[in-house]
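J.: Kindly produce the complete structure, drawing on both the sequences and the hints.
Chains as they are written, first to last, in my numbering: chain D, 1 to 191; chain Z, 1001 to 1399; chain X, 2001 to 2101.
Rather than coming from a laboratory, the hints here were simulated on the basis of the structure.
Beta carbons are placed, not taken as given, at the ideal position from N, Cα and C, and that holds for glycine.
You can take every hint at face value.
Taking CB as the label site, the calculated pair distances span:
(1) D:S31 - Z:P1384: 48 to 56 Å
(2) Z:E1227 - X:E2010: 18 to 26 Å
(3) D:E115 - Z:N1046: 46 to 54 Å
(4) Z:H1060 - X:E2099: 41 to 49 Å
Each computed DSSO-like pair below joins lysine-lysine, with the alpha-carbon atoms no more than 27 Å apart:
(5) Z:K1230 - X:K2003
(6) Z:K1245 - Z:K1233
(7) X:K2003 - Z:K1222
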Amino acid sequence: MKNMVEIRWHGRGGQGAKTACLLLADAAFASGKYVQGFPEYGPERMGAPITAYNRISDERCTIHSNIYEPDYVVVVDETLLQSVDVTHGLSPKGAIVINTHKSPDEVRPLLRGYEGRVYTIDARAISERTLGKYFPNTPMLAAIVKVSGVLDPWRFVSDMEASFKHKFATKPQVIEGNMECLTQSLKEVRG
Amino acid sequence: MSIRERLSGNEAIAYAMRQINPDVFAAFPITPSTEIPQYFAQYVANGQVDTEYVTVESEHSSMSTCIGAEAAGVRAVTATSSCGLAFMYELLYVAASARLPVTLACVNRALTGPININNDHSDSMGARDAGWIQLYAENNQEAYDNYLQAMRIAETPDVRLPIMVCQDGFITSHAVENILLEEDDAVKAFVGEYHPEHALIGRETPLAVGPYDVSPYYMEHKVQQAEAMKNAKRAILDVAADFEKTFGRKYGFFEEYRMEDAEVAIVLIGSTAGTAKACIDQLRAAGRKVGLIKLRVFRPFPGEELAEALSHVKAAAIMDKSESFSACGGPLYAETCAACYALDSRPVLIDVVYGLGGRDVATEDIARVYDHLFLMAENGGQGPKYIHMGQRSSEQEVL
Amino acid sequence: MAKCAKDINEQSPWQDLTPGGEIYEGGTARLTMTGEWRANIPVWHEEKCKQCLLCAPFCPDSSIPVTDGKRADFDFDHCKGCGICWKVCPFGAIDFVKEEK
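T.: Laid out in structure tokens, this is it:
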């Protein structure tokens, strides 16, 4: 299908990779796209590797399989690089985004010969700085929006603000931190 | 005006339930339940519905509660999955034979064992002879639309049968996709209110429900059920026609996708239809005449219509997402073969059992099925008729 | 249109039965002559009966008719001959004997 972007998320149970995947679907939906956001389900185990997927397109995608040849991969937990073949099937024309304090050149050797673009973002530092706690999903969401170009980043920021205002209607104090987290993340993706 | 939204299949069903505001929702609210009772519980807590929400200790009891509520004369709904449906088994027959139009949202998942929580159709296929109408959905939109049509079909006076609205576990139930929702008022007007002719409460005249049937009566009542299921065919089309007139989306017994000049075809149920459509578009672009029939209604089984739709193809793969361990094919294959027997000239029919316990199916897998069908069409149907697809094997498998 | 139980019997075609065997009236057990099932029969001796009415509520088949505080003879169309009335009568006013048919 023309103009379809496929994204695969790797995370660990409990880290919010599924939530980030669904938030991306929300954001893409808000900008008028057709979206799919779905996790690969198994027994629910905190810390076990999990995978989630997004398809984002201009017309409805009817395919209901997992994604084997993604355009982009997001790795929410860098320790997965040891145990999971995160670049499997990843298009060399695409890119991978990894949550780590390291630089892209430092992590590339762990990517089993992947030749496409490599981006990193220190989601922990940004999250702890802006939210006071470690929630990697918001920075990773911003990072994949920036890297994939699937959405206009500033439109995305304003959509997310509306979404946060809705989601956190009863605790408006957290909205500012989340917005700060998003905008700093957009700036701090390294590639 | 339709409302543009994005929801998971579970959210879509819960949303439809809220719009309909059923009188009773009985559910066993933990595993192996679905998220549907969870979402619905929020509507109850927020006062958005005035449904009597009954959390029971088992699915056996949730179906019993629905039966009691329907007999009392109100609309009763439930939702379940997998072993939960299996645990209702005894009561499924009671609801059907007592002619109580309970609505059950079934999120299709494998039956244990081995223990597995992922999608296939073994739960509802196991209940296929319980006397329930069964509708299946390709995606969240169809799950929502089927749910809006379900009660009117089930409550039709010469039908009066319970109805299962099925969708694929996780693949559509937990996947967020775009959906068009309808306005609350429009939904309420379409579904209408439920006023059964007879009821246990609120009436001048008494009623007894579910009596013991000695042999001189049992057979006659089963014939009545069989006739009601025949009537359901008309009701399904009538309601679909009104649905199309009201909301603009068209439904029938099945959807034919690029069947008009197809040489080979696939018949299947559920979410894999979307994957097959994408595969068909690719193959058609390469000039290959392939088509798909996606069955929406499994009970009643639209045998004559399906046979007619298959009559012009050379070969067809009937794809079963459940085993029946008959040693000669799954339930959809058996029904389709029986339906096609009446044709003067029958296509070559093979069974492909796939997708058990969440085994994924990609467009490439569907393409291999079409390749195999062209081969079968050429060689006049030589080769095995009952095939499994997607399993690891130490031997060369057919697919 | 509701169908009456008296119009339904073992000769009725399926079209004439109610859906699911629903019954739209009370007291339809009267239509079944369960007295046919009896092997032994209770015999009421009116002269010994003190009209204490202990027998009537014990009868599982409501076959001891009571009018204006007094019982009458058994309803033999429905008495199944269980003998409970004979057991509970404190005055020996009920016998229980083999029924000659």
